[in-house]
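Colleague: Spelled out, the chains give:
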Amino acid sequence: AQSVTQLDSQVPVFEEAPVELRCNYSSSVSVYLFWYVQYPNQGLQLLLKYLSGSTLVKGINGFEAEFNKSQTSFHLRKPSVHISDTAEYFCAVSDSGGYQKVTFGTGTKLQVIP
Amino acid sequence: ETGVTQTPRHLVMGMTNKKSLKCEQHLGHNAMYWYKQSAKKPLELMFVYSLEERVENNSVPSRFSPECPNSSHLFLHLHTLQPEDSALYLCASSQEGQSPDTIYFGEGSWLTVV
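For the protein sequence lines, the chains are A and B, in the order given.
Going left to right, the first sequence walks through residues 1 to 114 as the numbering used here numbers them.
Going left to right, the second sequence walks through residues 1 to 114 as the numbering used here numbers them.
Same shape as in the complex, but just chain A (with noise of 0.2 Å):
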């Protein structure tokens, strides 16, 4: 079984201020993770995933998360944030299976402060 945690639920932030969103996982095999983004009135899209290769890995809008093995986490940052920013975002574990199965977290909303 899988499952994801988000522990922030709200995370308000000032325009042009780093963001660190995380999240944690766990799985009893090989992982595949990723952080979805929903803007208000819309579906999800997505921002970046990991599915093996570098630990660090790069998405659209200036999103990168690392993935850490050891401590089950895959953590999402911006080095500033803009008001366009305002948005839920999920985090999201799949196993290898047939046909996927995706995990997602609670999700986490950002408010970019003015």
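Honestly, the hints are just simulated from the structure, not real lab data.
Please note that the accuracy of each hint is not assured.
Quick look at which bits of chain A chain B covers, simulated, 3 or more residues with Cβ under 8 Å [claimed, not checked]:
#, stretch
1, 44-55
2, 103-112
Each pair of labels, with its calculated beta carbon distance range [unchecked claim]:
#, chain 1, residue 1, chain 2, residue 2, range
3, A, 71, B, 16, 49 to 55 Å
4, A, 29, B, 73, 28 to 34 Å
5, B, 80, A, 53, 48 to 54 Å
6, B, 41, A, 54, 32 to 38 Å
7, B, 58, A, 30, 20 to 26 Å
8, A, 3, B, 22, 28 to 34 Å
9, B, 82, A, 61, 34 to 40 Å
10, B, 26, A, 39, 16 to 22 Å
Computed list of lysine to aspartate or glutamate pairs in DMTMM-like fashion (alpha-carbon distance at most 25 Å, straight line) [claimed, not checked]:
#, chain 1, residue 1, chain 2, residue 2
11, B, 36, A, 88
12, A, 101, B, 52
13, B, 36, A, 85
14, A, 101, B, 24
15, B, 40, A, 20
16, B, 18, B, 52
17, B, 41, A, 20
18, A, 49, B, 44
Predicted, not measured: the structure shown is a model, and the values here were computed from it.
Beta carbons are placed, not taken as given, at the ideal position from N, Cα and C, and that holds for glycine.
Following the hints, complete the assembly by docking chain B onto the known chain A.
Modeller: For chain B alone, coordinates are given in the frame of chain A:
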């Protein structure tokens, strides 16, 4: 535009009504999904169709009935719903292969049961 289109975007229905949600993907994917998104809860995977065959049914009540007539279309038929079924219903698609690929989401259908 994610390549996954959902209609209607908003639906209000009474508990005795019968309605359907429609999803169409233009990405050539071979797997389609229905997710339920409720406030303060993780995304719930409801159904998965892979190569037009239902491969996942996560203990969803029978008042929700999916239909996948071909690889591009997915329906969710709704009948005698309850107020707690009010939520955002997200359709998604992906290309299933040897490693997990990105899930592409539609913008969702907001369902209100009165």
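Colleague: All hints are to be evaluated individually against the structure, with a verdict given for each.
Modeller: Evaluation of the provided hints:
1. 44-55: holds (count 5)
2. 103-112: holds (count 5)
3. 71(A) <-> 16(B): 49 to 55 Å: holds (51 Å)
4. 29(A) <-> 73(B): 28 to 34 Å: Roughly 32 Å apart at Cβ, these two residues keep to the hinted range, so it holds.
5. 80(B) <-> 53(A): 48 to 54 Å: Holds, since residue 80(B) and residue 53(A) (Cβ atoms, about 49 Å apart) stay within the stated range.
6. 41(B) <-> 54(A): 32 to 38 Å: holds (33 Å)
7. 58(B) <-> 30(A): 20 to 26 Å: For residue 58(B) and residue 30(A) the Cβ distance comes to about 23 Å; the hint holds.
8. 3(A) <-> 22(B): 28 to 34 Å: At roughly 32 Å between Cβ atoms, residue 22(B) and residue 3(A) fall inside 28 to 34 Å, so the hint holds.
9. 82(B) <-> 61(A): 34 to 40 Å: holds (38 Å)
10. 26(B) <-> 39(A): 16 to 22 Å: holds (21 Å)
11. 36(B) <-> 88(A): holds (16 Å)
12. 101(A) <-> 52(B): holds (16 Å)
13. 36(B) <-> 85(A): Satisfied, since the Cα-Cα distance of roughly 24 Å is no more than 25 Å.
14. 101(A) <-> 24(B): holds (20 Å)
15. 40(B) <-> 20(A): Holds, because 21 Å separates the two Cα atoms, which is no more than 25 Å.
16. 18(B) <-> 52(B): holds (24 Å)
17. 41(B) <-> 20(A): Roughly 22 Å between the alpha carbons, so the hint for residue 41(B) and residue 20(A) holds.
18. 49(A) <-> 44(B): Status holds; Cα separation ~20 Å.
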